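Throw the hints in and build the complete structure from the sequences for me.
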Amino acid sequence: MSINILRMFSRRTSSAPVARERLQILLAHERGQRGQADLLGILREEILAVVSRHVALDPEKVIVRMDRGKSVSTLEVDIEVPNDFDKRIAVAS
Amino acid sequence: MAKVLVVTSGKGGVGKTTSTAALGAALAQNGDKVVVVDFDVGLRNLDLIMGAERRVVFDLINVAQGVAKLSQALIRDKRLENLWLLPASQTRDKDALTDEGVRQIIDELRSKFDWILCDSPAGIERGATLAMRYADEAIIVTNPEVSSVRDSDRIIGMLDSKTVKAEQGEEVKKHVLITRYDPARAARGEMLSIDDILEILATPLLGIIPESQDILRASNVGAPVTLNDAACASARAYNDAARRLNGETIAMTVPVERKRFFERLLGRRAA
Chain Z
1 MSINILRMFS
11 RRTSSAPVAR
21 ERLQILLAHE
31 RGQRGQADLL
41 GILREEILAV
51 VSRHVALDPE
61 KVIVRMDRGK
71 SVSTLEVDIE
81 VPNDFDKRIA
91 VAS
Chain A
1 MAKVLVVTSG
11 KGGVGKTTST
21 AALGAALAQN
31 GDKVVVVDFD
41 VGLRNLDLIM
51 GAERRVVFDL
61 INVAQGVAKL
71 SQALIRDKRL
81 ENLWLLPASQ
91 TRDKDALTDE
101 GVRQIIDELR
111 SKFDWILCDS
121 PAGIERGATL
131 AMRYADEAII
141 VTNPEVSSVR
151 DSDRIIGMLD
161 SKTVKAEQGE
171 EVKKHVLITR
181 YDPARAARGE
191 MLSIDDILEI
201 LATPLLGIIP
211 ESQDILRASN
221 VGAPVTLNDA
231 ACASARAYND
241 AARRLNGETI
251 AMTVPVERKR
261 FFERLLGRRA
271 A
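Chains Z and A, in that order, give the protein sequences.
First residue of the first sequence: 1, per the working numbering; consecutive thereafter.
First residue of the second sequence: 1, per the working numbering; consecutive thereafter.
Please keep in mind that the hints were generated in silico from the structure rather than gathered at the bench.
For clarity, every value in this text was computed on a predicted model and none was experimentally measured.
All C-beta atoms in this analysis are idealised placements derived from N, C-alpha and C, irrespective of residue type, glycine included.
Wrong hints could be hidden among the right ones.
As the list claims (entries may be wrong) - One-sided excerpt, in silico: chain A residues whose CB lies under 10 Å from chain Z:
{"no.": "1", "residue": "Arg103"}
{"no.": "2", "residue": "Gly189"}
{"no.": "3", "residue": "Met191"}
{"no.": "4", "residue": "Ser193"}
{"no.": "5", "residue": "Asp196"}
{"no.": "6", "residue": "Leu201"}
{"no.": "7", "residue": "Arg236"}
In structure tokens form, the structure reads like this:
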């Protein structure tokens with residue numbers, strides 16, 4: 001019993017604030033990611049469709065990436081095109 | 001007009017089935033015609049909690065596949081004449097349920113009942129998405145604990161994107177129901193507070209159900225806790241929640257530890 005009383009007076013640090021903080025950080029991250037996979041998939045498809053109207057592309061060489069920063073996010077689109085792509089356009093037109 | 005209400009959570013074991021039964025019975029006691037629908041195909045339990053496990057003949061899958069009529073599968077509660085159960089199949093798996101099958105059943109139920117309470121399975125797979133698919137409102141059952149809150153957040157995201165309402169640009173009305181709340185642990189700062197949970201989930205509170213032996217006792221005998229012992233704290237909390245669902249304004253009571261100061265001083269660890 002003496003231990004119980006000691007416990008009462010030795011301000012035991014509560015764990016709830018830690019739980020709250022961990023959750024807030026985790027959920028901020030997870031909410032950011034939510035739907036992102038879909039968005040990137042749609043962007044990739046549509047960019048691929050537009051560009052391949054003019055350039056013969058390898059679909060594997062189209063990379064769409066999003067980086068979320070604190071204040072600004074960037075969308076990076078990396079498309080590798082064959083060296084002779086302009087000749088192909090000439091033929092096509 | 002009929003309302004379709006999904007009781008969901010993501011995480012298992014938080015009290016979805018208990019809450020579905022308790023709220024269904026409370027709404028029925030207020031005079032509405034209520035059906036509780038078990039969507040947990042393969043792991044049904046709502047029949048057991050409602051005390052109707054020996055009366056199941058046909059189930060949700062039978063109706064969805066046209067093997068049985070809805071009227072043959074619906075089981076009327078023995079205590080309340082305007083409370084009904086539509087059980088899940090115990091032998092089939094979740095893939096037996098289709099979007100179209102669920103749509104037809106919900107449509108038919110809408111014409112017969114005031115409230116259609118869908119008891120969702122745990123998880124975020126097919127069973128859970130179909131349970132919420134046609135919902136007008138949702139209860140997100142959450143325990144004051146990190147993994148439950150995280151899963152609730154995920155489910156809220158799904159309610160805002162994967163339901164018919166969301167796809168039509170409308171919103172499923174969402175409520176958080178906090179269950180298994182332990183006042184003693186809350187007082188010691190060992191449990192996420194109500195305010196923390198509501199702030200994190202940014203969703204209005206429907207009620208706070210204290211952790212209680214009364215709930216275990218009710219499930220042992222196969223009765224919704226609101227029918228088994230209407231005077232106990234958890235039944236009262238569920239009754240208040242049911243009235244809030246009906247639009248009434250009822251002051252929220254946070255369960256408190258019933259021990260007196262001197263007992264607390266001596267029996268702190270036992271709590």
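Results of checking the hints against the structure:
no., hint, in the structure
1, Arg103, "violated, 24 Å"
2, Gly189, "holds, 2 Å"
3, Met191, "holds, 6 Å"
4, Ser193, "holds, 6 Å"
5, Asp196, "holds, 5 Å"
6, Leu201, "holds, 9 Å"
7, Arg236, "violated, 26 Å"
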